[in-house]
Every structure is written in structure tokens, then in C-alpha cells.
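> So you can see what is in the structure, the chains are spelled out below.
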Amino acid sequence: MSSLLWLIPALPLFGFLINGTVGKRLPKPLVGAIAIAGPAIGFILAIFAFLQVHEGAGALATYASWISTGPLKVGAGLQVDALSAVMVLNVTGVGSLIHLYSYGYMVDDAGFARFMAYLNLFMTSMLILVMGDSLPLLFVGWEGVGLCSYLLIGFWFDDLANVDAGRKAFIVNRVGDFAFLMGMFALFALAGTLGYSGLEAALGHADTAAVLTAGPFAGFTVGSVLTFAAASLFIGATGKSAQIPLYIWLPDAMAGPTPVSALIHAATMVTAGVYMVGRLDFVFIQAPAVLTAMVLVASATALLSGAIAFSQNDIKKVLAYSTVSQLGFMFAGMATTFWASGLFHVLTHAFFKALLFLGAGAVIHALHHEQDIRKMGGLRKDLPLVFGVFLIGSLALAGVPPFAGFWSKDEILGNVLYTALEGGNPIWFLSFGMLVLTALMTAFYTTRLVVLTFFGEPADPNRHPHTPPWQMMVPLYVLAVLSVVGGFALASPLEHFTEPVWSHLHVNEEMFHHAHQVALATSLVAVVLGIGSAWWLYSSGRARLEAFVDGPGHLIHKLSLNKFYVDEIYEWTVVKPTQFGADLLFWLVDRLLIDRIVVEGSGQLALALGAILRRGQTGALSIGTFAITGGTLAVLGVLLYLGVAHV
Amino acid sequence: MTTADWTAILPALCLITAAIAVVGADLWLKGRQIMLLAIISAIGASGALGLLIAHLRLDDGVHVAFGGALVMDHLAALLGVGVTVATLLVLFMSTTDVRRRHIGFGEYFGTLLLGAAGMLLLLGSNDFITMFVSVEILSISMYVLTGVTRRNPRSNEAAVKYLVSGAFASAFLLMGMAYLYGVTGSIRLDQIGAALSTGTTSPMLIVGFGLLLVGFAFKIGAAPFHMWLPDVYEGAPTSTTAFMAVAVKAAAFGALVRILMVAGVGRSDLWAWPLWGMAAGTMVIGNLMAAQQTSVKRMLAFSSIAHTGYGLVALSTMRAPYGSFASEGASAALFYVFAYTFMTLGAFAFLIYLGHEVPVAGRLETEWQDAEHLDDFAGIARRRPWAALAMTILLISLGGFPPTVGFVGKFWLFKSAVDQGHYALAILGVITSLVSLFYYLRVVVVMFMKDPIHTDEKTHWTIGAVVAFATVATLAIGIWPDAFLDAARKATDELSAPKAVATAPAPTDAAPQVALTPLP
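In order, the protein sequences belong to chains A and B.
According to the working numbering, the first sequence holds residues 153 to 799 in order.
According to the working numbering, the second sequence holds residues 481 to 1000 in order.
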């Protein structure tokens, strides 16, 4: 199997190369087949790799030396252990479904081949990200998915808003990437290597109190450098995985076609940060301060974006903020160091959020690209099958048992509460409270979304929704099944499966059990409250809603509707000052100094001098011979001075 | 004393034989069968090329022949490869070009081959007689080739100008040789070197050496001995210009390096400063004048002067401002001259590629006109994107951008200057290179961003193939320069190794008759 590992990322690359070059001239079904074949075959290969890992043998393959300069040696190698195997299955499995869905969704678009080619390139990058055996390879994938995300957000580039959204995603991610690189450099300074196995061997049980004597961190303790590295890496993750303070790009990223939102901005790419934390568990576990910061950031992100999702009217925006919120849950799970619970939520979230996005896509597709939920309503009767699967996805998101989201969310809540009880740290209790509140909000906005979209009366009685083609429906059915059974079927196998990667802590069994019971009860109450209040507010027309918005809910509604003014705050604190500085540099340094003085000035000078010289170059023979004679005399004069007179 | 090592002369003999065969066959064929003549010429040139490459590949040391009159070493072989490749490419172009310009095939091919033979002999010549005869063989061939389009007044004017200025230079050269012989009693470079390095203050010796420098400075087009060059390059048919710009320059540079490294090696304190001044002046004048031109052909002529200046930077900085001598600069110059062959030949070939027929005033016939003016290049990228891309690559190579050979060469030139502590000259070189970007990239801008003015160019695949070959070589040697860098290094190693020439039986006394012993 190891010898075939390279095929998993290589097959989509092959599809990218074909569709990206000649795809426009190929028949569309062929383009689709080529594009789908890559991830689909990859999925089959991934199953074999998974089984091999399941039998206890990790798959590892090093193909070539990639970078070899001084002490830095990086091989181009792939590695599949339990963590990678789960991620590869997720990426190729959900990826294949979304590729199939994309065929139905995008086949009539003029840029169909380009779209499929970008999707394939994304698959390659994402697979390199999760399969690479070193941080530099992870970074290659990390940047690759970022590029594809940028290309796909701005896929319909004739609309300036889409292009701006793409740029926003790219630029915000660069901020995170900078921190990520800093973390990587710090780890290299400590361990002298960037391969996972080498890093773990060097840092897995480091003496954190030891003081470094050489290198860029001389004078600092190993523990403080590890904390710095972990903090930097986590800031990197807040970019890619949309956490405070860098989450702002993800809602705008919904400008891309809906399958992109499902694949990249819900199921796979945005979980890269979670994967990275799990991959470098041995670093984070030695930086408890970072873990505490992580749980606080994660739960605050979950709460804030959950509150914003309250009042969004764009069906995709609701799901986007919900994704940010759920990513917060995943990081909270990682912060407890019960890594498997974070990964579990990555999986279940991939199922139900992909389902919701694809379902939303089916609605948008059926309504001719209408995305405003206020203009929907009553779709239950027009699109009963879509309603069915969307409802399943919503129940899973809201955390209703026994759907998938319930299991993973409950596990994370339990683990956070356990960590809070065990450590007695108020931040953890606060985080637990915020997460429970988020669970309530999640149930609320999910219910609101379903009610406004599918219940009630059609906003436009003359509309004619068209039924989605089978290529779009089949992925929805599969994901719906996974959203139903994915929770209870995977809960305990996943934990066992990942045991080789993540050794368990000593757990106070009694307290652990107790914490989980309390968490279960609280979250169930939260879900019931959320669904009930949303149903009460939205199911019976606008009167009750308006009374609430004008009355007690005025402030929260206004804040939520305006996304807590975060974009405006960034605009005034970051964007405007940066623009001002850039304008200053542009006009003073670039325009005036470089363009006017250095470039044009020197050019004018050179031309002026040349014009003077040109007067001598008349072409007359006499001048030429005069110059030869004069030059000869000069040469001889210098030589005689140096050789005879000067001696 | 009469070692007849044919290795040294065989490549030149190939060319000479082919030249005689071509001229003879032309008498017989009376101006028909151009392909047959071209094939004969190509066989001769390929034979020479094969022998030279074999010498480089086999790496079989220095061959000294004919009593030390002629040598075959890495210098002669490396630049010889450049010369013969240029000859082959010009021959290839000529099969189309000569016909269009109504030039006699036989005389053209024969003169070209003889000129090339003169260059190979000049590269290997190790005494003054051989050197002067080779210079004259190549010069006279070039005078003829410059005026070969007999009906074209510009071509005629250029030939006369070249002849008169060339006569001046030859006179200086010969006078210098005579002085040196008169003082030392020898015509062999190594023996002149021995006499010079004794720390002599003999004015005759120094003047003689100075006149030698002047003669070759003229040939390579160094300021202030460059005045002839733009007019000749502009007036000559472009294929001749291309040949002159690369092959003559390579041969003359090679001979200059040999003179400096063998005859002048002990007295770099003498020649370093005049060359320093020439280098600075040549770079400044060449680049500033090139920026003034609206004729691309004339611009390339001045650019060729500028490149001579870069080569002189490396040669003049072989001696550090206060002290030591390092031969790295000579290697850099040799590599640069070799590398320069491809980009310049390609750029000139591109002018022919875009040429067109123009009506002759007062007559019904038309006349071939190469693309010379900037306007002729306007909007070429729209119609011929690949050709425009090739020319762009050639131009950025001339400007010294990676990944082309122009970058590698210039980098090494300036690096050798900096290593020797000659910062001023290196900085001047960089600044003038910056100026050069202005006029090189102006052509690119015109090709890609202006609307077409002419659309009547008559391209021919033979010319296009030469442009393509030159472009590929420019890129390929830019990306994999190692083999050629090594050859250039080896060339100067052989020159500085004392045994290189000592393997020849050196005369024991310095009496004139010893050095003038009849050749075999």
C-alpha cells in the first residue's frame, strides 16, 4: 500500500492538469468523469490505507529529498497513521460526493472545466496537507488550499464583490500564515528538524525547564519556546480555521459557488487548523497556557458567530457563521487534550454541514440563485426530498439526539466541563458556559433557518422551483445517512482507532463520568430551549417577531444583524491605517522617489549625456581616425608614465 | 623544432578546404546550385566544429605546433566553437538571405569560411607572424563581406570606412609587433612575456606593447577606437553584421586574452589602467549611445560596444588596485564572449526574420530591407507571439536577467571585479547595465504594446530556426552553464601554467634568426 500512497494526491492533480489545460475542448461528461475519478479512486485507496492502519501498521513512504540545505533536511514523504487515515477518508469521501454534486450544480456554467480543475487542485493540496510527513509539506498543502480557496471564492470574477471576497480570504490568511511560519521556525530552532517523527522524538518529552544556551532563543527555557511555538501555530490556525480574530474572511467566502462552500469552507480546508493541532499534540500538551487561551478563543468565537447567525438573511451566511461557530467547538475539543473528541466533531460536522450546504445549494439552484431566506418559505411542498435531508442536517447541527452532531458536541461539552472541574480554572468554567449558550443559539438559528425556508407560505407564489438532477440528490442522500448514523456509530471506534496517535491522560473516571452527565443534561435543555423559542418566534407569522425585535430583543438583534460591527472595527483599526500607510509610501517613495527621481531622472540624465556624445558620432571618417590617434597617444602616455617615468 | 602537430591547424584547414572547394565549384556552377555550395560549406564548418568539440571533450591538454607558432588549447577550442557555431548559423541563414539580397553565392560562402578560418588561426596564434596574418585574413574577409551587396551604397560606404579604419589599426598593430621584435629579438608571445616581466623600463618595449593593445582594442570595438563600429555594423548586410559582432569579437577577445596572459602576464601593472579606462569609457559610451538610437540595428551595434566594455571590466580587474593578480577575470571574459555569441546572433537574425521587400526608387524592382527601425517591431507579438517571445528572451539575456546566459556571464564578470576590489568599475558596470535595460526593454514594449505598423514581413523558416536555436542556447547555457564555465576556467589555467608553452622547445638565445626559423 505504501508504494501506492502517492497516487492519492497525484490522481486529482492529474485531473487538474487535464481539465486545466484542455478541459474546455472536452465534452462535459468526460470533464466530469475525469474530475470525479481522482477523489473517488483516492477514496478506495484510502480505505485500503485505513485498513492497513487498522491492523496496526502505519503507512509511510519517502519519495525523494526535497530541501537539503545545511541542517535543514526535508524529504518529500507521505505518512498515513490513524489521524491521517481518518482525515484522508473524510477528504476523499466527502470530496468525491461534492465532486459528483458539482457536476449537477455547475455543468451549465461557462467555466465548468475550470471549476472542476480547481476542485481537483484543491483535493491534491488538501491531501498533501493531511498526508505529508513534515511541517513544510503541511505548509505546501496549507498554502495550496489557500490558493484554491482564493481561486474558487472569486470563481465568478466578473463580479467585483466576489473578487474582493477572494482577496479578503487570501490576505487574512496571510496574517495567519506568518504566525504559522514563526511557529515552524521556533520548532526548527528547538528540534533541528521539521519531520513529525523527528519533532516528536526531540520534543515529545522535553525538559521544559532547561535553559537554551545557543540559537535564536538563547536564554529562554524550552518550555517558553514551546509556548511561543504553540501560540504562533494556533494563531496560524485561527486564520485557516476561521477563529477570532481572523474569522472574518469565512462569511465573505460564501461568494464562491455553493459546492465550494460545502467542500472547502465547511468540510475540509477549514478543519486544517484542527488537524494541525492534533498532529502537533506533543507541542500543545506542553504549553498549557496556550490550551487555556485556545479554549477561551474557541468558545468566544463559537458564541460570537452563533449570535451573528441569529439574524442573517442569506441562507449561506447563516451556514457560514454556523461553521465558524462549530469550528470553535472543535478547537475547544482539542484544547481539552481529548484530541479524539475534536476530530470526532470534524467528522460529524463534515457530514452534516456538507449536507446543509449542498441542501442549501439545491434550494438556491431550484430558485434560480435566490439566496435570501425571507424570499423563500413553503419549500417543504415544492422540494420534499430536499426538505427531508435538510431537516436531518439541521437536527444534526442543532444537536438533537440521536443525530451525528449531538454525539460529538456532547462529548466536547463533557470534556470541557471535566477539564474545568479538574483544574478549577474559572476560564474553563466560563468557556463551558459560553459553549452551552452557543448550543442554545445553534438550535435557535437552525430552527429559524428551517422554518423560514421550508415552512409557511411561499414568498413568491409564481415561482417554479426545478427539481435538482440525480447527481445532486445522490450525495445528499449519502450525507443524510451519515448525518443520522455517523454519531453513535463512530463515537467509540474513533477513540480506539486513534489511540496509537494520542496517548490518553490519566483520567479521574468518576469525575469524568459525572461531568459528562451534567453536560448531557445541560446541552439537552439548551437544545430544547433553542428550538422551542425559535419555533415560538418564527412559526406564526411576522407579528410576534416584530414585537420581539422592537421590544426586548432590539439591541441583540441590531448587534447581530450588523455582525457586532467587527468588520467595521477592522476597517478603522487595520484596513484604513494600512491603506493610509500604503498610500503614503506609494506617493512619496514609489511615485516621487523611485519613479520621478531615480528612474525618470536617471533616464533623462542618461539620454542627455548620450545626446552630447552623439554629436561626436557623425560617421565622418576623419573623426574616427582622430579618435584612434588620440586614444593611442593616451594609451601610450599612460603606459609610459606607469612603466618608465613612474618607476 | 619542427613538430607538426596537426591538431592545432586541422579545424582551420577544414574551413579553408571548404572555402576553396566552394569557390571552385561556383566557377563550375556559374551561380546556380546554392544548396550544393551551402552543403559543402556546412561540411567544412561542421568538421571544424567537430574537431574543436572533440578537443574540449577529450580534454587532451595543450598542443603546440609549428615551432610554437600555433597552439590548440581550451581558449582556442572554446571560442573556436563559438566562431564555428556562428559560421554554421550564418551559413544556414544565408541560404535564404543571400538569394534575397542578390549576392553571389560562391564568393559569399568562400569569404565567410576564409574569415572563420582566420579567426580560428588568430585564436591559436602564439607568435606575431601568425597573429598578424590571421588578423589580416579575417579583416579582409570582413571588408569584403561588409561590401558584398554591391549595389547598396550604405554597404559600400561601410566597407570603405571599415577598410580605412582597419588599415590604421593594422598599422598600429604591425608597428607594435615591430617594436617588440626590435627590442627582444623574438616574435613569440612567451618570449616577449619573459622580456617584459624583467621589470624593464625600455620605452620601446612598452610602446610596442601599447600599440599591440591599441590594435586589438580597435578590433573588439573599445572606446575610443570604436568610431568605425556603428557605421560598419549598420551599413553591412545584417547577416554579416551578426557574424562580425559575434565571431570577430570572439576571435579578437581571445587573442587579447592570450596576449595579456602570456606576453603581458608579468606587467599587469602596466596594462591594467589603460584597460580600466577603456572599460569605463566603453561601457558609458556604448550604453548611452545605444539609448539614443531609434534604429534597432544601430542600437545593437552600440550595445555590442557596451558588451565589449563589460568584457574589458573583467580583463582590467585581473590586477587588484594595489597588488595581486588573479586570472579569474580572464575566464569570466572568455565565458562572456562565448555566451554573447548566441544572444547577439539571435537578435540580429531576428532583424532579418522580420525583413520585407521595399520598392527601389525609380525602378520597378524591389530590394530586401531588414527590420531595422523600432516601428518595424510594433505589434509583432500579436501576429507572431513565439517570435516575439524569443526576441524578448534574447533581449533580456543581453540585459543580463536570469535565467539566461547573459545573467550568468555578467554575474561572473562583475563578481571577478568585486573580488579583486575594483568596486568603482563594478558599480559603473551595474549602472550602465541599468541604462541598457531602457533600450532593450523598449524593443519589448514596442513588440508587445504598440499597434502594428507594417504587416508585410516575409519570414522564412531558416531564419526563424536560427533565432530559435539562439534562444534555446541562451536559455540552456543560462540554466546549465557549468561545462562552459569549466572550459573557460581551464582555458586561463592553461595560459597561466608556466609549462603550457614551455613544452615547446624554447630557443636558447634571443637572436632574431632563431625565432624566424622557417616553418615546416
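Hints may be right or wrong, so weigh each one.
Unchecked claim - Here chain A is said to cover these stretches of chain B; the calculated rule only asks that three of the stretch's residues, wherever they fall, bring their Cβ under 8 Å from a Cβ of chain A:
1) 648-659
2) 743-752
3) 840-846
4) 867-879
5) 911-922
Hints were generated in silico from the structure; no laboratory data involved.
All figures in this text were calculated on a predicted structure; none of them were measured in a lab.
Idealized CB from N, CA, C, for every residue including glycine.
> All hints, please: hold or fail.
Results for each hint:
Figure legend: the stretch 648-659 of chain B, annotated as covered by chain A; annotation consistent (3 residues with Cβ-Cβ distances under 8 Å, at least 3 required). Only residues whose beta carbon comes within less than 8 Å of a beta carbon in chain A count, and the stretch 743-752 of chain B has 4; three or more means the coverage holds. Evaluation of the coverage hint for the stretch 840-846 of chain B: breached, as 0 residues show C-beta separations to chain A shorter than 8 Å, against a requirement of three. Three residues within the 8 Å Cβ limit are the bar, and the stretch 867-879 of chain B against chain A gives 0, so the coverage statement is violated.
For the stretch 911-922 of chain B, the assignment as covered by chain A holds, since 3 residues bring a beta-carbon within under 8 Å of that chain's beta-carbons and 3 suffice.
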